[in-house]
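Residue numbers (UniProt numbering), protein chains in the order written: chain A, 1 to 212; chain B, 1 to 212.
There is no bait here: all hints are sound.
For identical chains, the list gives no copy identity; a pair is met inside one copy or between any two copies.
No more than 16 Å apart at the CA atoms, straight line, and that leaves these computed lysine to aspartate or glutamate pairs for EDC-like:
1) K139 / E164
2) K185 / E206
3) K12 / E206
4) K138 / E164
5) K60 / E36
6) K142 / E164
7) K82 / E206
8) K29 / E68
9) K5 / E206
10) K138 / D163
Just so you know, the hints here were simulated from the structure itself, not pulled from any lab data.
Protein chains: 2
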Amino acid sequence: MPSRKIPRATAKRLPVYYRYLNVLLNANKKRVSSTELSEAVQVDSATIRRDFSYFGELGKRGYGYDVESLLKFFRGILNQDKLTSVALVGVGSLGSALMNYNFHQSTNLRISAAFDPKPELANTIKSGIPVYPASELKKQIKEQQIDAVILTVPGDKSQAVTDELVAAGVHGILNFTPVRLSVPKNVQVQNIDLTNELQTLIYFIETNKVNE
Amino acid sequence: MPSRKIPRATAKRLPVYYRYLNVLLNANKKRVSSTELSEAVQVDSATIRRDFSYFGELGKRGYGYDVESLLKFFRGILNQDKLTSVALVGVGSLGSALMNYNFHQSTNLRISAAFDPKPELANTIKSGIPVYPASELKKQIKEQQIDAVILTVPGDKSQAVTDELVAAGVHGILNFTPVRLSVPKNVQVQNIDLTNELQTLIYFIETNKVNE
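Extracted from the complex, chain A is given alone in its bound form (with noise of 0.2 Å):
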């Protein structure tokens, strides 16, 4: 594990790469050069020399990348090499196909519990998923001892909840909810806001069409 801080962007590319890795590999390729990384990945090949060069040196100049190699080191960086577990808690429209997403396939990760206070959902599996009552949170949280959890719960539940997980030792957290959260500094949340993402992409094709 490294300990330098690794800027945001360049973590975000690290699935990415170690995905096309792994496609490299099962395809037999014993290297691959910069270029072919760059157009498989569609990342330039200077961001991913910057981005590589925070962990070292990892390719040699002329002949490229040794797949299984790289390969191995972005296991050990992502943390592949062993099953991770996260929880979901907000069994709604979106938990529901979220618990449905297969994350596990190219990935070490699985959801192993999922929470709702909804009682016909308390003691349900679901997609293979064991739903738990609210009530049950802080006790499984510690008992399967999660440290990341999806949160899709409504906007106006969500920073109480976070407040549950903190307390039950979570350390990291999805948030789907359009809620900006407050967390201590030791906890990471990372936003998804679907309205935003679809706003920004609006954006993004009026400025387009007037720059053209």
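Guided by the hints, dock chain B onto chain A, whose structure is given.
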């Protein structure tokens, strides 16, 4: 509309500012200081000032920002004066959840059409949205003058569907598939890769622990 290109990170924060200004207006606040704004949206004030500087002088030193005129400005920038119709392609579990998602609540965005090849879905209404067979994609996109599409098809179908969308005149795609799409220069793609987001979060949790 500004003709100057603004950074993607800034564009992503515009809807956040817009939403908070709406809250202030509803609370009858006349003006807001950059410190208040900064605390509410959890963006540091230097970043806010830099973001705003792309659009010229929006506030006065020592006075802060006038809520109504700032809101009016962002409403124009974000195209909130007119209703924008978007389409969704791929009515699986994630697609269904997004059709159920209330984009319209805080914005002037609306999913006006969905498309899916499954015969049992064709010509039904789901969450108030008409679902058309895939064969009608081009016709409906053109007729409804749809510019932006939410893409929730299986990964192995995504490039073929994208090519069809581009041919139909679509200028922006919110891509929920893990595939990096090839599009012409005049088409914007915004990727929301859920596996990546989760992996990146785990990565940050782990490195944060090491740094502690």
